[in-house]
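A.B. asks: Protein chains in written order, with this note's numbering: chain X, 1 to 221; chain E, 1001 to 1221.
Hints are computed from structural coordinates only; laboratory data are not their basis. Using N, Cα and C, we set each Cβ at its ideal position, and we do this for glycine too.
Computed beta-carbon distance windows for the label pairs:
hint : chain 1 : residue 1 : chain 2 : residue 2 : range
1    : X       : S203      : E       : A1199     : 52 to 58 Å
2    : E       : E1113     : X       : N166      : 31 to 37 Å
3    : E       : D1057     : X       : Q79       : 32 to 38 Å
4    : E       : A1199     : X       : N121      : 57 to 63 Å
5    : X       : G177      : E       : G1134     : 20 to 26 Å
6    : X       : I56       : E       : E1173     : 27 to 33 Å
7    : X       : A170      : E       : N1058     : 31 to 37 Å
8    : E       : R1111     : X       : D31       : 34 to 40 Å
Covered stretches of chain E (in silico footprint by chain X; criterion: 3 or more residues with CB under 8 Å from a CB of chain X, positions within the stretch not fixed):
hint : segment
9    : 1048-1061
10   : 1104-1111
11   : 1132-1144
12   : 1160-1173
13   : 1198-1212
To list a few chain X residues with every Cβ distance to chain E over 12 Å, as calculated:
hint : residue
14   : D21
15   : I23
16   : H27
17   : S28
18   : N58
19   : D156
20   : N158
Protein chains: 2
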Amino acid sequence: MNKPGSTEKTKLNRISHKASDSISDLHSVLDDNLVAHVGIIFDGAPLVIPMAYGRIDNRLYLHGSSGSRLMRALTENPQVCVSITELNGIKVARSTFHTGMHYRSAVIFGRAELVSDADKNAAMDAISDSMIPGRMSEVRAHTKKELAATLIIWVDLNETSVKISNNPVADDEDDLGKGVWAGILPIITSIGTPIPADAEAASLPLPPSIVNFRTGSSDTR
Amino acid sequence: MNKPGSTEKTKLNRISHKASDSISDLHSVLDDNLVAHVGIIFDGAPLVIPMAYGRIDNRLYLHGSSGSRLMRALTENPQVCVSITELNGIKVARSTFHTGMHYRSAVIFGRAELVSDADKNAAMDAISDSMIPGRMSEVRAHTKKELAATLIIWVDLNETSVKISNNPVADDEDDLGKGVWAGILPIITSIGTPIPADAEAASLPLPPSIVNFRTGSSDTR
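Based on the sequences and whatever the hints tell you, model everything.
C.D. replies: Encoded structure:
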């Protein structure tokens, strides 16, 4: 049985032991990472651009300058593929053939939908709080000028492919017992000590959103 | 003046203070990272897949299973866009509008060229050593079966866009002096303690390739 969002397209290259049909895995990959690689067709050729994103319920949100060609292109040709990858380790085998990565990844297929002017303010709040939870309550509201300068699109999460690769090293029998090391090199991502922007910031305690963000970062942010 | 590989396409969304025309910056972004997001057009829609890669001189190499639909699709429609992003920090401003990321990114436009059977063995060696320098001298050679099961493509690095964002927080004047913290949250990526695959590996010293990889990792791997 497939999850509701599973289609022929999401099965591309699927290897069964790596694929996850769990919605919570999808949300976890999205919520634990910060950069999406957004692919569109631009002038007949593929274009892949890194962007910050936010998730709200069953939607992925991307925002950019209203002057951005990518955002404009998306409003004209809404087909989009968004790929989010979290690299967790290198699986070093006794042959290069079995060497690979430990990762979690989500690939989202969909159509970019433009957020209307009426909904933009709320979407901006939500995107910000999706990236750094609680930050919106610490900063001023968006200005009309800022909202006018921003385009926001969303893609629903109905057609997705999630893969989790965390298998142990699997070497060929013939390669064992010959004195070659194999193992996992963990890749650890962490948030370092915050660097205040200026004297005013240096004089202030870290706000709760930043304290919580660092605490929650563990090894997946 | 543009670098030789600069074209109209590479100027997409360029903001002058972030763009780099330096070949050494391009090579540094490629050599210091491990995952590329590879965008192609598949059945008329964009498809973005994360892949390991290697760089040899002026070429980016990608390898995959000869059964992979992505690799097959690339041999049929060779237009490709490869995006490699290194996230180095979050720039937390006093408004969400000026909040953003510190990163280095490379976007490569080109045509996928298939490595011939005659050149495959050397390319496999080079890709492996590009990922973990020196590893090939520690493991056995590729078998004929492994080579047959692998497709390798390369893309030249003649049309690229490199961006480096490491600017300090730039808040609006009106947002200063109101008791709101701002600053940089560094994102630190490091290689943890290697985990031996089995008793044999645990009994062996770490090989030079792994020792060097960890030493060289600093905060950019």
